[in-house]
Amino acid sequence: MKLVNPENKTEQEECRKNTRRTPTLKTGKVSSIKNEVTIRNYIDKCLELVQEHKEYLMYVASYEPTIEPEMQDFLDNNLLEGKSPKIYVTQPGHTNYMVDIITEKDHIWKAIDSQISDEDIDKLEGELNVILPLSYKSYLKYKHFYEIFWDIDVFLYPKPIHSWDKILIEENQEMQEEILDEGYFAIGRYSDHGVIVLKLTDDENKEGGVFLFDCETQEVKVLEPTFTEFLNQILHNPKPVLQELKSWEKKMYKME
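Residue 22 in our numbering sits at position 22 of the sequence shown, with consecutive numbering throughout.
Source of the hints: derived by calculation from the structure; they are not laboratory data. For each residue, glycine too, the CB sits at the ideal point set by N, CA and C. Hints may contain errors.
[Unchecked claim] Cβ pair distances, simulated, as ranges:
#	residue 1	residue 2	range
1	129	32	24 to 30 Å
2	104	182	40 to 46 Å
3	129	82	50 to 56 Å
4	239	31	24 to 30 Å
5	218	45	31 to 37 Å
[Stated by the list, open to error] Computed list of lysine to any residue pairs in SDA-like fashion (alpha-carbon distance at most 20 Å, straight line):
#	residue 1	residue 2
6	141	165
7	141	250
8	199	181
9	137	115
10	206	134
11	141	181
Build out the structure end to end from the sequences listed, making use of the hints.
Have a look at this one:
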């Protein structure tokens with residue numbers, strides 16, 4: 001280490017010039033990076049879950065709109081050998097629900113990189129006359145996929161490459177008076193009786209919180225103060241597990 005004579009100002013100035021200072025990030029930038037990490041972590045973990053059980057969780061049924069060409073995938077039929085035609089998806093603290101195995105008429109999908117631009121989101125905001133928070137915009141711009149989840153009660157709307165905006169517009173216009181006109185924006189469904197909504201603000205840098213709108217009672221319940229905290233809280237749940245039906249249930253469904 002070089003010692004500096006405190007009386008030698010020239011030497012002190014030279015020392016300060018040569019001292020490397022570690023650059024610091026502004027608070028807003030740090031927050032943005034953290035949000036991005038949370039969003040990617042949530043989507044990646046959900047995708048990992050459905051890919052692990054794609055014969056049950058990663059297909060679009062034949063009676064639903066056809067998978068967009070860029071997102072069509074194929075399934076190795078060997079994966080179906082010895083698999084039950086019906087199975088439960090379970091998670092502690094939640095009600096189990098049953099899913100069917102894929103059939104020949106159904107279609108496997110795959111996730112692809114997002115093609116959504118800032119201009120596309122601006123167009124969506126203009127169509128619905130809303131201002132979306134930056135965190136949700138980041139969510140829209142990471143990956144295209146169909147139905148994914150971690151909390152088995154929470155399903156954010158799918159994001160097919162060519163119809164993600166149409167889905168959001170239709171879901172919000174369907175409940176225009178109850179949700180959109182009250183300053184909320186629908187982003188997904190909760191179980192079979194609720195809608196996950198964002199409380200909108202007049203600034204994309206502000207967050208109004210994430211709420212549950214109960215379709216039966218019309219009540220609104222706060223879930224988390226921000227969208228990324230909502231995603232992060234979901235990931236605190238144990239990983240969902242697939243569980244075989246009980247023997248009497250298999251007999252009821254003529255599986256034995």
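Going through the hints against the structure:
1. 129 / 32: 24 to 30 Å: 25 Å, holds
2. 104 / 182: 40 to 46 Å: 45 Å Cβ-Cβ, so the 40 to 46 Å window holds.
3. 129 / 82: 50 to 56 Å: Hint holds: Cβ distance 53 Å, inside 50 to 56 Å.
4. 239 / 31: 24 to 30 Å: Between residue 239 and residue 31, where Cβ atoms are some 28 Å apart, the hint holds.
5. 218 / 45: 31 to 37 Å: Holds: the Cβ-Cβ distance is about 33 Å, inside 31 to 37 Å.
6. 141 / 165: Distance of about 12 Å is within 20 Å: holds.
7. 141 / 250: Given pair residue 141, residue 250 is violated - Cα atoms ~42 Å apart, limit 20 Å.
8. 199 / 181: At roughly 11 Å apart (the allowed maximum being 20 Å), residue 181 and residue 199 satisfy the hint.
9. 137 / 115: Given that 20 Å is the threshold and the Cα spacing comes to 13 Å, the pair holds.
10. 206 / 134: Roughly 8 Å between the alpha carbons, so the hint for residue 206 and residue 134 holds.
11. 141 / 181: 26 Å, violated
The earlier numbered hints that this structure contradicts are 7 and 11.
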